[in-house]
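A.B. asks: The chain contents come next:
Number of protein chains: 2
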Amino acid sequence: MHSLSSQAVRPLSLPFARSHYFRRFLPLSLPIFHNSKSHPKIFTITPKAPVMTIRNCSSISAKPSSELRNKRSSSDSSDEKLRALRQLFSKPGVGIDAYIIPSQDAHQSEFIAECYMRRTFISGFTGSAGTAVVTKDKAALWTDGRYFLQAEKQLSSSWILMRAGSLGVPTTIEWLNNVLAPGGRVGIDPFLFSSEAAEELKQGIAKKNHELVFLYDKNLVDEVWNESRPKPPNKPVRVHDLKYAGVDVASKLLSLRSELADAGSSAIIISMLDEVAWLLNLRGSDVPHSPVMYAYLIVEIDKAKLFIDTSKVSTKVMDHLKQAGIELLPYDSILSEVESLAAQGAKVWMDISSLNAAIVNTFNSACERYYESLESKRKSKSDDSNGWSGGPTGIYRVSPVSLAKAVKNDSELEGMQSCHLRDAAALVQFWVWMEEKINENVKLTEVEVAEKLLEFRSAQSGFLDTSFDTISGSGANGAIIHYRAEPDSCSVVDDKKLFLLDSGGQYVDGTTDITRTVHFGEPTSRQKECFTRVLQGHIALDEAVFPENMPGFVLDAFARSSLWKIGLDYRHGTGHGVGAALNVHEGPQGISFRFGNMTPLQKGMIVSNEPGYYEDHAFGIRIENLLVVKEVNTPNRFGGISYLGFEKLTFVPIQAKMIDLSLLSAAEFDWLNDYHSQVWEKVSPLVEGSARQWLWDNTRPLVKQ
Amino acid sequence: MHSLSSQAVRPLSLPFARSHYFRRFLPLSLPIFHNSKSHPKIFTITPKAPVMTIRNCSSISAKPSSELRNKRSSSDSSDEKLRALRQLFSKPGVGIDAYIIPSQDAHQSEFIAECYMRRTFISGFTGSAGTAVVTKDKAALWTDGRYFLQAEKQLSSSWILMRAGSLGVPTTIEWLNNVLAPGGRVGIDPFLFSSEAAEELKQGIAKKNHELVFLYDKNLVDEVWNESRPKPPNKPVRVHDLKYAGVDVASKLLSLRSELADAGSSAIIISMLDEVAWLLNLRGSDVPHSPVMYAYLIVEIDKAKLFIDTSKVSTKVMDHLKQAGIELLPYDSILSEVESLAAQGAKVWMDISSLNAAIVNTFNSACERYYESLESKRKSKSDDSNGWSGGPTGIYRVSPVSLAKAVKNDSELEGMQSCHLRDAAALVQFWVWMEEKINENVKLTEVEVAEKLLEFRSAQSGFLDTSFDTISGSGANGAIIHYRAEPDSCSVVDDKKLFLLDSGGQYVDGTTDITRTVHFGEPTSRQKECFTRVLQGHIALDEAVFPENMPGFVLDAFARSSLWKIGLDYRHGTGHGVGAALNVHEGPQGISFRFGNMTPLQKGMIVSNEPGYYEDHAFGIRIENLLVVKEVNTPNRFGGISYLGFEKLTFVPIQAKMIDLSLLSAAEFDWLNDYHSQVWEKVSPLVEGSARQWLWDNTRPLVKQ
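Taken in order, these protein sequences are the chains called A and B. Numbered according to full-length UniProt numbering, the first sequence spans residues 1 to 705. Numbered according to full-length UniProt numbering, the second sequence spans residues 1 to 705.
So here's chain A without its partners, still in its complex pose (with noise of 0.2 Å):
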């Protein structure tokens, strides 16, 4: 089996020939300001339910987010900014010809705090993906198909809207070399954009001989925004409990350490948020539906470092923290840390694909200044000793912390069960009360549904947050993938028309994500059909038993072989990780019809099983079980290897008057009467009353006509 990862973890360590090695890497990665949404990366992260966004795609890829509602910018006002924003380009010190402003907070998170929605702010529009380029004379937005409606009301007019992947629009980059005379300066804030990215876009503006003028000082959005811009977070940090946790700070800075050494590493860098709090079993409140802090982490051979705004951190955090070791410092002195790591001559593990640009190419040119200065001494003193081998490198590989994480301990699989099962209690009071109104002819809408099943899950113990919007799409609106039904202009949910509830939670102990989609009336024959195909799908990926060492991908067609019988398909991936009590989209492992992913799937990952079927303009279908891989004992055991398999988490009934039983095998028809009694038996004891009754209802024995 070919590996990609044995490409991956290459390390590729050129203290000085930037360019060169940036070459060498890049290929791997996704060209992220093309129109290149086919292309495989190892890193693929879902932003709703079901998914094909990919990490660090700024501009045309999916990044759901709290956005920001109640901020419409009139035209005025936008003329406005883009003077205020366009009169800082000939400040001193700045000197550009255009600025480029993205989605991102500088930590490539999913989810970001409203302080760093400086797109949205610039531009008016609050859709999650987008990014503005502002030149001198010129304002252009670009977003994706599920955003062009909503992109054109909110721009005013001084913007042009840029409909990524549409027939003749073009990239940020090509745009930007159509539209700067040669030479131009093209600003960014390196803090928001990977160092792959920016290598990426460096190369691609170079081709007019525009130049990447990465402005560190201050975003220049902010300086617009100024008084009126939110303060960043600052909710108090707290500690994700031992028993939730099940490996301990000092454990896993042990392991790490480890990888550090065999890697030839002294330190690493890690910004990615949800790996700072899976190492420092740490949790925060800091952005919308992941339970996490805005905050750095430098670990080295033999003492670690948080960059984090002090403020959030208690008296119990704080000795938590001294106890394995770790000293705070400032969130904003990360970077004169990065330049005394490369003075210390350390060889720092960096993901490019994570770490923003202003991190990586603040430890390269330290490097760099510290081999001239060796240089420049071994001149003066005709000093023939080499000091080379002993300085500073970059260690160019994937996050150690990715995977580590990926692959759950048993406490971790144990939370992620428990609150599964209270998940399950809330929804089947959910389902129980949205009967009851339907049947009562209450006209509910998609966005009144969605609050009532958040009240339900509030209600449940260790409940924090959704763990994303909601997707709550009735009819046709089911039919749009990543739909978001907003409060004036959504659809209601009735007995004629099928509905589609993708939703989640995080709770204390676990992240939750399921999809069901019913009907309260009578479904047609063909959306039965249709339904059962996807569901026979479901059940193929959650029977699979397979040899391990094999990348996700390979199931894939057991998830849709169905579908494909009768000419039908979906648009996205099968199955995307999920983290424990932490993001509900996480890498590396995946099940994609997308082969680049070739991360194996391991023992105690988590993955979605997911398959879907979407009719333009009639309905949608998907059905979302989360899935923990886990060893078979199979009788034989070929090759002297392991087969793996899956084990359910989600415990919620799958609507019977949905399947078309004749279209049923016999072992999909035990399958599913066998997860119905595990459902009824798990939780049962969680419900009472007419949910009791409506779970027995919804869970008890079919039998095959």
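Check before you lean on any hint, since a few could be wrong.
Below, in silico cross-link-like pairs of lysine to any residue (SDA-like), each with a Cα-Cα straight-line distance of 25 Å or less [claimed, not checked]:
hint, chain 1, residue 1, chain 2, residue 2
1, A, Lys528, B, Lys648
2, A, Lys565, B, Ser251
3, A, Lys657, B, Pro635
4, A, Lys496, B, Asn636
5, A, Lys322, A, Asn361
6, A, Lys528, A, Asp569
7, B, Lys528, A, Asp569
8, B, Lys565, A, Lys657
9, B, Lys565, A, Asp674
10, B, Lys565, A, Lys303
11, B, Lys704, A, Asp569
Here are the simulated distance ranges between beta carbons [unchecked claim]:
hint, chain 1, residue 1, chain 2, residue 2, range
12, B, Gly639, A, Glu211, 38 to 44 Å
13, A, Asn633, B, Glu647, 35 to 41 Å
14, A, Pro232, B, Ser665, 34 to 40 Å
15, B, Glu368, A, Pro182, 33 to 39 Å
16, A, Ser365, B, Gly391, 43 to 49 Å
Everything labelled a hint here was simulated from the structure, so no lab data went into it. Just so it is clear, CB atoms sit at the ideal spot from N, CA and C, and this is done for glycine as well.
Given chain A's structure and the hints, the job is docking chain B onto it.
C.D. replies: What follows is chain B alone, placed relative to chain A:
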């Protein structure tokens, strides 16, 4: 979908920097002189029915070919040959320190003529796969696990046996780099290495400053062989009737020339024997098992030249060629013609994975001379005109004939269908005979059985040859995937053991390849379970429906899924391409767990469907049919594309007593009965008497217990 083809067709037209373009092209290809069996490659050619071998993989691959049986060299004669060969090392114009003798002919053929079996002659080792390397004081032979015992017996004490793939055994490059003093000269016959392989070798030995020396003039082994060397084959070439070929030569050339024009090429050199045969609607008898003739072909925009021993060409064939505007030239004049292509400034399309190093190097050297002379002319005449754009160029791409040949037209498919029914009739007669003999307690060896099968096939109209050496494996021998029974050592076929029979025929209208596994007594329940799971995999692939533009590897898991459920698997691919009255193994498509082959399956392609299971020292199971990719008339066409599936070519009963019916789903059970009813319907008209009765007994509907 990420298609490798975009890489494969990227023109690399650098007339000078040879080492440079090779380095760019090579990462796609197999490092053949290294132990990297698992490396994926565009062309994966299956040497025996199920398969693992890779074109050009001289040192460790399986290239079954007819072998020199009665020529066991004594130790004395082997030493004598080595002495004679070494004497040539110091001849004027040679001057080498080592000579590599691979198994190949000049066309990368799977089956080769006896006069080209130089490695067998020099070493005495008759196995199909092996590479000999002779230095001034050492001689070593690399072969793989299948041949260790045989090589031990056949090699004299002058030879070191290199057990390729075993721990600690060096590759040929490693060994050369180890035993030669730095700066050595390693000679090869450049006709016997693909250009790609030679470049890899060159780079590998350059690490120790060794030089790769191309000895064009005469193969050194041939000089030693001398008088006793068999003459090159000169059997007459015949025209492949248009009713079988379907498309005339003029039309094929028209399409090819349009592809050349699209690629900016003015000529193409074709060396794969099946490509030449297919393009010219010719067939030959120069090698066993493949109806091809030794020849090269150069197609230019306005002319075409066939390089062939003209004594093979009858007046009828001559007329056929003349009609298509094809000129005849002596086989040996290929290099001088390649030189004149360069001199004329041709842009030559070359597939460096199949074209030999002699041709590619000759072209490139001629290009260099062209530009040097241009440069000196410009200097002397102070000529400012730029002659460069008009100059010769090599355009490095996968051969377009390979794909064109793989997609069969209606006439080719009709011939394939027809010959498969006659082949089935022969097999039915054979199985009846087998059962009778076993019942009579006649002792039959594996070899006798294979010979009898050939007898039945030979009686069918249009039969020409076996399409590969029959694999006739009784009991434990069935578990040796590449087993070849030898008269003096083979086992008996009886009613105590499983019997695996993988065989095929070349007919005037098509090519067959079929495997059945049977038991003449009572199979164990273990054997039945394994057989049934292999059958379930076979059925799953047979019934698959999938979107167009999908590489075959996506379907591979379907064929393994049932085995995986109990922890079993098989170590070979599931399907290979098959030529129409041509090579039994052809590319570019395949169905395999090697994810490197991104060639999409296309309507009209033929693939084998041959899952298996092999229990070491016990038994082997394989069930193989050939399938044609066809468009399926699905009720939907999601994405506006076609959905594809398979149509069977092979119609021979699957032994019911081997099946554990309780494991089959209702759909699988129906598949089996439906298949057998088709077998009866199609094959019963071709057999009579006891064969017809046997066919009825073995195809009548089974009843689910």
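A.B. asks: Okay, which hints does this one fail, numbers in order?
C.D. replies: Violated: hints 1, 2, 5, 7, 8, 10, 11 and 14.
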